[in-house]
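Peer 1: Letter by letter, the chains look like this.
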Amino acid sequence: MAARRRRVLPGFGLGLGYALAYLGLIVLLPLAALAWKASGIGVAGLLHLLATPRTQAALRLSFGGAFVAALANAAAGLLVAWVLVRYRFPGRRLLDALVDLPFALPTAVAGIALTALYAPNGWLGQALMEHFGIKVAYSRLGVIVAMVFVGFPFVVRTLQPVLAALDREMEEAAESLGARRWQTFTRVILPMLAPALLTGFALALARAVGEYGSVIFIAGNIPMRSEIAPLLIVQKLEAFDYAGAAALGVVMLGFSFVLLVALSLLQRWSRRWAEQPA
Amino acid sequence: MTAATAARASAWPRRLVHALLILAALGFLGLFLVLPLAAAFVEALRKGVHAYLTAIDQPNAYAAIRLTLLVAAIAVPLNLVFGVAAAWAVARFEFPGKAWLGALIDLPFSVSPVVAGLVYVLLFGAQGWFGPWLGEHGIRILFAVPGLVLATVFVTLPFVARELNPLMQAQGSEEEEAARVLGASGWQMFFRVTLPKIRWALLYGVLLCNARPMGEFGAVSVVSGHIRGLTTTLPLEIEMRYNEYDYVGAFAVASLLALLALVTLAAKSALEWRYGDELAAHAPGGH
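Sequences listed follow chains A and B, in order.
For the first sequence, the residue numbers in the working numbering are 1 to 278.
For the second sequence, the residue numbers in the working numbering are 279 to 565.
Here are the computed lysine to any residue pairs in the SDA-like style, where the Cα-Cα straight-line distance is at most 25 Å:
id	chain 1	residue 1	chain 2	residue 2
1	B	Lys475	B	Gly554
2	B	Lys376	A	Arg268
3	B	Lys325	A	Ala127
4	B	Lys475	B	Gly461
5	B	Lys475	A	Gly17
6	A	Lys135	A	Pro120
7	A	Lys135	A	Leu71
8	B	Lys376	A	Leu260
9	B	Lys376	A	Ala21
10	B	Lys376	A	Gln267
11	A	Lys135	B	Glu522
12	B	Lys325	A	Gly122
13	B	Lys376	A	Arg272
14	B	Lys325	B	Leu315
15	B	Lys376	A	Phe257
16	B	Lys475	A	Gly13
17	B	Lys475	A	Leu14
Hints were generated in silico from the structure; no laboratory data involved.
Required output: the full structure, derived from the provided sequences and hints.
Peer 2: Written out as structure tokens, the structure reads:
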């Protein structure tokens, strides 16, 4: 079949060749430059860079904060996807369209808008500070709030199609066998959603780790406290420490690769899951 | 108790749970999505309509708008052609390393925008691979329009390909094969058969691909050099005004981009509602 198709349809060489050349120029060549520049400081230099407290604090915040934000997004995304797929109420379509707002809203706009909300004199920030003593903007919590914002659509959009395609008969069977609603949800529905939920979590995590625009405004960028790793890269570049910037870039890129591999494994798993006989 | 009343009795707590869940979802969306959007507009109009209009009616703002449109006008068509070529190869043919190609296309989504900018600095900067040669020949890539375009192209590379690939795979190639058998040339087949089948998905991908370059910040910020009126796109103009404590000015420019985001969302939803079938099978994530 494949062999016949290759004979009948033209453009394989053109399509693949163009795509590969484009990818090579735009993605691979620059990444090679990154690896080459980073290798300039050597393994010892890299370890030394990673050992500085400021780098460690920034990496901890970027990865740890992104992890917390992705967890929050998994919970909120599950709730919103469930409500959007299972319930009918006025304004549902509007809400559904709104979910993509973080994809469409430029990160710089999101950054200053969130800061205006959560700053000590802001709409929400003032009340949170006075009543609960919680400081959001210019702290680690602010970084996490911005990361939740940018990562939110991933979980909802990954869950929605799976949730819509879910076989209702399983739920009905569970209920007819005497399961309570909550039991049905945790024992029957949640396991079926698990691969999609994990995929959404990983996508939100990947986005939050590298996020820059929306975070730097609300973070306040206090060294050792609310500085994220991408900001350190920018600072090193501004100080013409290209090797240091490249080394940090490679660390972040390495994490992206690991996530990508994990994601493709997840997708394989969920495909097998879907093909299982019910 | 009859069966009907029992069912009604058990329906009540369930309704309550439904209402509570809907309220919780509305609360989250309101707090995290609607409120920031509203804040952008309210802060922009804080000192009245006149101050808002003066903040936008400035040479720097116009220069930023022109530059943003120019960068998007170059980057989006480049990625459009790439997306069609890549989707054609991946969706229509079997070849070794296909999975790797797919992963490579997705890679820019999971790379930090700052790293995306950084790689071009390392390539074209004064200490970079091509920096000295470019310097000798007086070609500017970094801190100029070509650098902005390259960084934007990198960040938005996957959109069109990602949108087209699953759709073209689902559509199959019978009609294209028929066109070939009936004697159509390769380009005739492409323009008369393939393109009409994917046009809405193509538009959808372009829409998503367009929202991002207009608002791209991290990657562009690294390669721009922040030369006012020359290399500042709208998001960078926001940052500069914000850092100069010109809050009304920053939010005024931000409100323009927020409007663009709303228009994008509306157009995207309209496409989804009208041509949902022809867009089907689009993979979630990374938009």
